[in-house]
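Put together the whole structure using the sequences plus the hints.
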Amino acid sequence: QAATQAATEAATEAPAAETKTLYVNQGPTEFFEVPWFNAGPHTYVKAMFETLIGMDNKGAATTEIGMAESYEVAEDGLSAKVTLRDGLMWHDGTPVTADDVIWTFTFIPQYTGACQALVKGGATNIKNMTADGKTITFEFEKVNATQLQAFTQTHILPKHLLENANKEQFQQEQFWQAPIGSGAFKLESAVMGEYANLVPFEGYWGGTPNYNIYVTPSHMDSDPNFVTKVLDGKLDYAYTKSFADVQALTGKPGVTITPVSVLYTRWLQVNQFGQGNQLQDVRVRQAIAYAIDRKAITEQVFQGACDPGDGTITPTGTAWKVEGLEAYDYNPEKAKQLLAEAGWDSSRKLTIAYYYTDQQTVDLISIIQQMLAQVGIQSEGWLVEGDTATLLNSMPEDRANVNSASNVKWDLMYGALAATSFHNYYDRFNSVYGVNNTNPTSPEVDAMTDALMFTPDVEGQKAAYAVLEKWESENLPIIPMYYQPIWVVTSDKVAGNLDLNNLGNPQFHWNMHLEKWNLK
171 QAATQAATEA
181 ATEAPAAETK
191 TLYVNQGPTE
201 FFEVPWFNAG
211 PHTYVKAMFE
221 TLIGMDNKGA
231 ATTEIGMAES
241 YEVAEDGLSA
251 KVTLRDGLMW
261 HDGTPVTADD
271 VIWTFTFIPQ
281 YTGACQALVK
291 GGATNIKNMT
301 ADGKTITFEF
311 EKVNATQLQA
321 FTQTHILPKH
331 LLENANKEQF
341 QQEQFWQAPI
351 GSGAFKLESA
361 VMGEYANLVP
371 FEGYWGGTPN
381 YNIYVTPSHM
391 DSDPNFVTKV
401 LDGKLDYAYT
411 KSFADVQALT
421 GKPGVTITPV
431 SVLYTRWLQV
441 NQFGQGNQLQ
451 DVRVRQAIAY
461 AIDRKAITEQ
471 VFQGACDPGD
481 GTITPTGTAW
491 KVEGLEAYDY
501 NPEKAKQLLA
511 EAGWDSSRKL
521 TIAYYYTDQQ
531 TVDLISIIQQ
541 MLAQVGIQSE
551 GWLVEGDTAT
561 LLNSMPEDRA
571 NVNSASNVKW
581 DLMYGALAAT
591 SFHNYYDRFN
601 SVYGVNNTNP
611 TSPEVDAMTD
621 ALMFTPDVEG
631 QKAAYAVLEK
641 WESENLPIIP
651 MYYQPIWVVT
661 SDKVAGNLDL
671 NNLGNPQFHW
681 NMHLEKWNLK
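Going by my numbering, the sequence shown runs without a break in its numbering and finishes at 690.
No lab work stands behind these hints: they were computed from the structure.
The beta carbon of each residue, even a glycine, is placed where N, CA and C say it ideally should be.
One or more of the hints may lead you astray.
Cβ-Cβ distance ranges computed for the label pairs, FRET-style [claimed, not checked]:
1. Asn298 to Lys519: 47 to 53 Å
2. Gly257 to Thr307: 17 to 23 Å
3. Gln473 to Gln540: 17 to 23 Å
4. Thr521 to Ala244: 45 to 51 Å
5. Pro626 to Glu550: 43 to 49 Å
6. Gln473 to Thr521: 39 to 45 Å
Have a look at this one:
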């Protein structure tokens, strides 16, 4: 703990010009984020931590990266054996053991903070774990179609530093001011809200990198200084979801912009909890969908770079999307009719939470408010800053213990999901995973999501997925806004380190081999 505190208090300037340095953004503003909340969008997570098993650029499990030397899944899918590599080491010099793995997967179901459904579900499905030396045997409750993927996105944390951590205040632990991982880079120094300097970890099993990583702070999904940093040579690898950034950087010398097609959906979550909440009426949710001209938004705000959302949360043109369901094309008169039928209280003002800080989002929230106002729905925006995971999941006093312990402070939340597979779009609605804070769970919905997650054959999973697509389109627990690619931006300094034709999803922990990069 003394080493942790010393690393936090140490202050250094940006590395000298002669030092090889990779500049990245999405650094910590108040703390380093618990990696289970977002499995890999922060480059520092990929650099400092390791998952149990690696994931390649196609989303498949691999042992080219990760802690596992090998793994074997039983033929019936109800157990697996994972053997750790020799020589795994935490940044403080303590050996990584099977106990760290078992502690991590034991702690996650107890952790009350937000986790990705994939991570939470993978841990919840584990019935028993035993260790024989460096081999861990996992026994599963059920066959889980995404169990291996869960292993590829679950970062193992050091038991010896966290076994007494408060599961209810985990993000506030001192550890997250200067965390200890086992990845190729370790934290040398950090000043929250200013910078974090990562240096090579000599004890990394895959070899020692020959450069530093200098991380500047920004929100996970938006950076108001993105363009300036790139043009000033202070951002060498990053991704953006802002088409405005892409427009500003297109054609600039020394800058390469690569679109990556991923399963990524921006949406409005609808909070259906609370006594007398009219958002529980499906007609009101449908009215909101009809009131927002998503096609105009994608054409005017994104100049056609994104596809407008329809009645399902699955992106247009992808393999498992069910076509022919209600698309909720812009129809303000239909919206007014549904609101009248539902007896909408026009004096009510909805709170629209959002956590992206770019101007494009600010403008978009304003557009949504104007469109809702045209059909008689008042609203106000709420920019969530700070501990986003906690704030978005906080329960207001006036809704405490009403209908569900999952009440939140907002009515609509403009957010997103990046999915590693189609399953991840709907597993969040299962009551077991504990990541659904807006939509009441039910045995019927659990049965539908169980059929998707626990059916062994792919055709059976697709059939179950189609049932969920229809349920989503009819009930709109989430209102899709648009589907978009992600744009990876690189400087000439990293040319040759990435195959730009085969990039993995930058929002997940994939096989980037950061330890092998040679910077120009």
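Here's how the hints hold up against the structure:
A hinted range of 47 to 53 Å holds for the C-beta pair Asn298 and Lys519, which are about 50 Å apart. One distance hint, 17 to 23 Å for the beta-carbon pair Gly257 and Thr307, holds here, with the actual separation near 22 Å. The hint said 17 to 23 Å for the Cβ distance between Gln473 and Gln540, and at roughly 20 Å that hint holds. Between Thr521 and Ala244 the CB atoms are about 48 Å apart, so this pair conforms to the stated range of 45 to 51 Å.
Range check, Pro626 to Glu550: Cβ separation about 48 Å, and the 43 to 49 Å hint holds. Distance hint for Gln473 and Thr521: a CB-CB separation of about 30 Å, inconsistent with the stated range 39 to 45 Å.
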